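Could you put the whole structure together from the sequences, leaning on the hints where they help?
If you read the sequence shown in the working numbering, its first letter stands for residue 140, the second for the next number, and so on.
Please keep in mind that the hints were generated in silico from the structure rather than gathered at the bench. It is possible that part of the hints are untrue.
Simulated pairs of lysine-lysine, PhoX-like, Cα-Cα distance not exceeding 25 Å [said to hold, decoys possible]: (1) Lys406 <-> Lys165; (2) Lys280 <-> Lys201; (3) Lys222 <-> Lys253; (4) Lys319 <-> Lys280; (5) Lys280 <-> Lys297; (6) Lys259 <-> Lys326; (7) Lys201 <-> Lys222; (8) Lys226 <-> Lys161; (9) Lys344 <-> Lys404; (10) Lys161 <-> Lys222; (11) Lys344 <-> Lys406; (12) Lys161 <-> Lys143; (13) Lys349 <-> Lys326; (14) Lys259 <-> Lys406; (15) Lys326 <-> Lys353; (16) Lys406 <-> Lys226; (17) Lys353 <-> Lys406; (18) Lys353 <-> Lys168; (19) Lys164 <-> Lys406; (20) Lys143 <-> Lys404; (21) Lys344 <-> Lys259; (22) Lys222 <-> Lys406.
Label pairs and their calculated CB-CB ranges [claimed, not checked]: (23) Lys326 <-> Lys168: 38 to 46 Å; (24) Pro229 <-> Lys353: 21 to 29 Å; (25) Asp348 <-> Glu193: 25 to 33 Å; (26) Ile199 <-> Ser279: 18 to 26 Å; (27) His352 <-> Ile199: 42 to 50 Å; (28) Asp348 <-> Gly438: 18 to 26 Å; (29) Asp202 <-> Glu358: 34 to 42 Å; (30) Gln418 <-> Ser258: 24 to 32 Å.
Quantities reported herein were computed from a predicted structural model and do not represent experimental measurements. Idealized CB from N, CA, C, for every residue including glycine.
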Amino acid sequence: MPRKTIIPVPFSMSPYGDGNDKTYKKILKISAANENMQETFPSNLLLDNCTINEEVEFNINKDSHPEGLFLESARSMQLNLSKAVAKQLPNSDQLLILGGDHTISIGTGLGLSKHIDLSKVGLIWVDAHADSNTAKTSLSKSLTGYPVAINCGVGPDKLIQDFSSNIQNVAYIGLRDVDKGELENIKHTDPLIFSNLDIEDLSLKVIIDKILHKFQDLEHIWLSIDIDSLDPVYFQAGETDVPVTGGLTPRELLYITSRIAQTNKLKITELVQLNDINQDTPLLVLASRISEIALNIGGYRYGKK
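Laid out in structure tokens, this is it:
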């Protein structure tokens, strides 16, 4: 049986709050039978079919570095997550990384670069935000808005110095809150950009088709999902940090994940920015379903093997 590994990253050093550091435990728990939230199933699919890595630890240092808030904490997380990714990649067909804020993608990319030529990887960023800021373009100086730029080789020296290669193929789905000048930081990747307005004009099927056509010669896909790509009507208060009106539906997130998983190129999936609000919610079920489908262990729920 193909080996699938889950790596939890309780990192949430951002000015928006730190409620999401342990949410991964509930996502895994919800995958088991929960009579109040979903129909009853005989086993916890994620736990039964996957190896769960130890939590990635990091040094908490809430510094105010001029190039980004909490940069030292992010550096610690980045190095430790990259080690976990690099250790698990050779023996895992797929990785699922469940984390706090989207800053964790810096560590994911670094670990990936140690084993795989990133020029052969397509990054699909499902998010309300482009997350391609640098200290020069960011108003908040929050590192949670930097990860795409850093994975493309642009950003604080301390965070990009260890990469052995940079992402050269990027596609965005769901953008609707982009800073002026932000996309200039990754223009050399010639990214495919699809806002929620594009979804209405083109249909999500056509958009996924276009992305997969661009990535057809690549060996691997990295799917990174920020839960704030969803429309705020699906959140309870505090369940994500930066909700933006006009987002995706839960069904659309499941469709995106399913289409990418069916390519058999999906190497790494990230799911971030879902805060723990001390109660079980429909979004925890959604996160569990996304995780199962990404790892090719939940397709039967939709009548597919």
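Hint-by-hint comparison with the structure:
A distance of roughly 23 Å separates the Cα atoms of Lys406 and Lys165; the hinted pair therefore holds under the 25 Å criterion. Proposed proximity of Lys280 and Lys201 is supported: the alpha carbons are some 13 Å apart, at most 25 Å. With a C-alpha separation of about 9 Å, the suggested pairing of Lys222 with Lys253 holds against the 25 Å cut-off. For the suggested pair Lys319 and Lys280, the alpha carbons sit about 14 Å apart, so the restraint of at most 25 Å is met.
Between Lys280 and Lys297 the CA atoms are separated by roughly 15 Å; this keeps the pair inside 25 Å, and the hint holds. Among the hinted pairs, Lys259 with Lys326 is consistent with the structure: their alpha-carbon atoms are about 18 Å apart, no more than 25 Å. Annotation: proposed proximity of Lys201 to Lys222 holds, straight-line Cα distance about 23 Å (limit 25 Å). For the given pair, Lys226 sits about 22 Å from Lys161 by alpha-carbon distance, which is consistent with the 25 Å threshold.
For the suggested pair Lys344 and Lys404, the alpha carbons sit about 18 Å apart, so the restraint of at most 25 Å is met. About 20 Å separates the Cα atoms of Lys161 and Lys222, which keeps this hinted pair within 25 Å; it holds. For a cut-off of 25 Å, the pair hint linking Lys344 to Lys406 stands: about 21 Å separates their Cα positions. Our distance criterion of 25 Å between C-alpha atoms is met by Lys161 and Lys143, whose separation comes to about 21 Å.
Of the pairs offered as hints, the one joining Lys349 and Lys326 holds, with about 18 Å between alpha carbons and a cut-off of 25 Å not exceeded. With a CA separation close to 12 Å, the supplied pair Lys259 and Lys406 stays within the 25 Å bound. Simply put, Lys326 and Lys353 have alpha-carbon atoms about 16 Å apart, close enough for the 25 Å limit, and the pair holds. Distance hint between Lys406 and Lys226 is fulfilled; the C-alpha atoms sit about 14 Å from each other, no more than 25 Å.
This hinted pair checks out: Lys353 and Lys406 have alpha carbons roughly 17 Å apart, not beyond 25 Å. A distance of roughly 37 Å separates the Cα atoms of Lys353 and Lys168; the hinted pair therefore is violated under the 25 Å criterion. For the given pair, Lys164 sits about 22 Å from Lys406 by alpha-carbon distance, which is consistent with the 25 Å threshold. Between Lys143 and Lys404 the alpha-carbon distance is near 14 Å, which keeps this suggested pair within the 25 Å criterion.
This hinted pair checks out: Lys344 and Lys259 have alpha carbons roughly 24 Å apart, not beyond 25 Å. Between the alpha carbons of Lys222 and Lys406 the distance comes to roughly 17 Å, so the proposed pair stays at or under 25 Å and holds. Separated by about 42 Å at the C-beta atoms, Lys326 and Lys168 satisfy the suggested range of 38 to 46 Å. Our hint of 21 to 29 Å for Pro229 and Lys353 holds, since their Cβ atoms are close to 28 Å apart.
Hint check: Asp348 to Glu193, Cβ distance near 39 Å, so the stated range 25 to 33 Å is violated. At about 20 Å, the CB distance of Ile199 to Ser279 agrees with the hint of 18 to 26 Å. One distance hint, 42 to 50 Å for the beta-carbon pair His352 and Ile199, holds here, with the actual separation near 43 Å. For the pair Asp348 and Gly438, the supplied restraint of 18 to 26 Å holds, since their beta-carbon distance comes to about 20 Å.
Restraint check, Asp202 to Glu358: a C-beta distance of roughly 38 Å satisfies the suggested window 34 to 42 Å. A hinted range of 24 to 32 Å is violated for the C-beta pair Gln418 and Ser258, which are about 44 Å apart.
Of the hints listed earlier, those the structure fails to meet are numbers 18, 25, 30, in rising order.
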